[in-house]
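**Q** One-letter residues, chain by chain:
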Amino acid sequence: MKPFIAICLSLIAGVFLFAQAHAQTSPGELPALGTPSTNDTVILSDHGMEAHLKDKTYIYRGNVRVFNPQMTLTSELLTIEAPDVTEGKYNHVVALTNVVVHWWDEHGTNQATADRVDYTYALTNLAKLPEKHYQTNSTIVLTGNGHLDMGGKKLDGDLITWDRVTDVVKVPDMKRTAISGSNVFDNATSPKTNSHPK
Amino acid sequence: MPVRARRVAFCLAFLAFVCVVRFVFAADQPAGNTAKGFESPLEFYPAPHERQPRSYLEAAESEIGQNSVIVLHGAVLRTFHEDGSREMVVSAPLCFYDYAQRTVNSTGALHFTNWDEAHKQVVQVWGTNGFYWQQTNSFFVVSNQQATRVTGASTNSIKP
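Chains as they are written, first to last, in the numbering used here: chain A, 1 to 198; chain B, 1001 to 1160.
No lab work stands behind these hints: they were computed from the structure. We put the beta carbon where it would ideally sit given N, CA and C, even for glycine. Any given hint could turn out to be false.
Claimed, not checked - Facing chain B, from chain A, some residues (calculated, C-beta under 10 Å):
#1 V42
#2 I43
#3 L44
#4 S45
#5 G48
#6 A51
#7 K54
#8 N68
#9 E76
#10 L77
#11 T79
#12 E81
#13 A82
#14 D84
#15 K89
#16 W103
If we strip away everything but chain A, and leave its shape as in the complex, we get:
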């Protein structure tokens, strides 16, 4: 009886080692990054990512989700350009197809939706070196079925431009606007330029 038990124990030990060896080599899983609690930004996508390292351009495809402590974004395609520039800084982010952006500020929760959203940030030295006189440009452009809802002020248009430096929103072809949810203007009566109410 004892040899039989010894053989059984040997087999069990072998099976255990086999299982352990395969557990160690099993393919990795995506970490549950979730919503970042720090200043980190998390980007998830279902159809991969392209990194053009020379140009410092990243392209995300398929059910793209961006999480940041200040904002969230969903779209079907997201391109991030952050090229090296000799002086200053340049960032350009393009989100395409079913773009939905949420962000939080003193107005509370804000929302922007559009077919395409462009975010451009440029820090340019206007003076000749060694002098430095920087100019900052920071704009968000909503193109195609644009909708902006900032603290109860709603704007609709096929082109909405928000200058983040001057905090001015321009809607050349405004379809509809509603301020505090009470006054609704249609395209015929609406002004061509809107300054974002402070």
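Position chain B relative to chain A; hints supplied.
**A** What follows is chain B alone, placed relative to chain A:
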């Protein structure tokens, strides 16, 4: 049971154990011409930085595959800037280096890290469905589902 029979039974049990363990570890070993400790610079910068590798590939184990492909187990691919500072690191349990096409690819798990020293940011990417890296133009693709974490303070302040 006599002592001799016990000894024979013990030897049989031990042999069974050895056979099972050998089968287990043989199953994980790659077949073919395997070698340990693969390390190779893939490309150098032109003069005057001709001693500075642009990309470097290493692996715990390598195996000669077909059509100019080397199968790498426990691979780490590193790229560097011209000044020698790190650019990116990709690690994968299994990947394929095509020395004719100058590409590295995999179909499994990967971890990618890219350092942007100028903007003090680190980009980390985790994937489960493989990657493709093209040496000639520093083009890197992660297949299917991926998770990216960008670490570092945002410097897009409106006032410089």
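**Q** Can the hint on A:T79 be confirmed by a CB-to-CB distance to chain B that is less than 10 Å?
**A** 13 Å, violated
**Q** Given A:E81 was flagged as interface, is its beta-carbon under 10 Å from a beta-carbon of chain B?
**A** 13 Å, violated
**Q** Regarding the hint that A:K89 lies at the interface with chain B, is the smallest CB-CB distance below 10 Å?
**A** 7 Å, holds
**Q** Would you settle whether the hint for A:L77 is holds or violated, based on the nearest Cβ-Cβ distance to chain B being less than 10 Å?
**A** 14 Å, violated
**Q** Using Cβ atoms only, decide whether A:L44 comes closer than 10 Å to chain B, and label the hint accordingly.
**A** Holds - the Cβ of A:L44 comes within 10 Å of chain B, reaching about 5 Å at its closest.
**Q** Let me know if the C-beta of A:D84 comes in closer than 10 Å to any C-beta of chain B, holds or violated.
**A** 6 Å, holds
**Q** How about A:E76: closest beta carbon in chain B under 10 Å, or not?
**A** 15 Å, violated
**Q** Hint validation: A:G48 versus chain B, beta carbon distance must be below 10 Å. Holds or violated?
**A** The hint holds - A:G48 has a Cβ within 10 Å of chain B, the shortest such distance being about 5 Å.
**Q** Could you check if A:A82 really has its C-beta closer than 10 Å to a C-beta on chain B?
**A** 7 Å, holds
**Q** Does the interface hint hold: is A:S45 within less than 10 Å of chain B, judged Cβ to Cβ?
**A** With a minimum Cβ separation of about 6 Å from chain B (threshold 10 Å), the hint on A:S45 holds.
**Q** Have a go at the A:W103 hint: is there a Cβ in chain B nearer than 10 Å to its own Cβ?
**A** Since chain B brings no Cβ nearer than about 13 Å to A:W103, farther than 10 Å, the hint is violated.
**Q** Return the status of the interface hint for A:K54: holds when the least beta-carbon distance to chain B is below 10 Å, violated otherwise.
**A** Interface hint status for A:K54: holds (5 Å vs cutoff 10 Å).
In terms of the numbered hints stated before, the structure departs from hints 9, 10, 11, 12 and 16, listed from lowest to highest.
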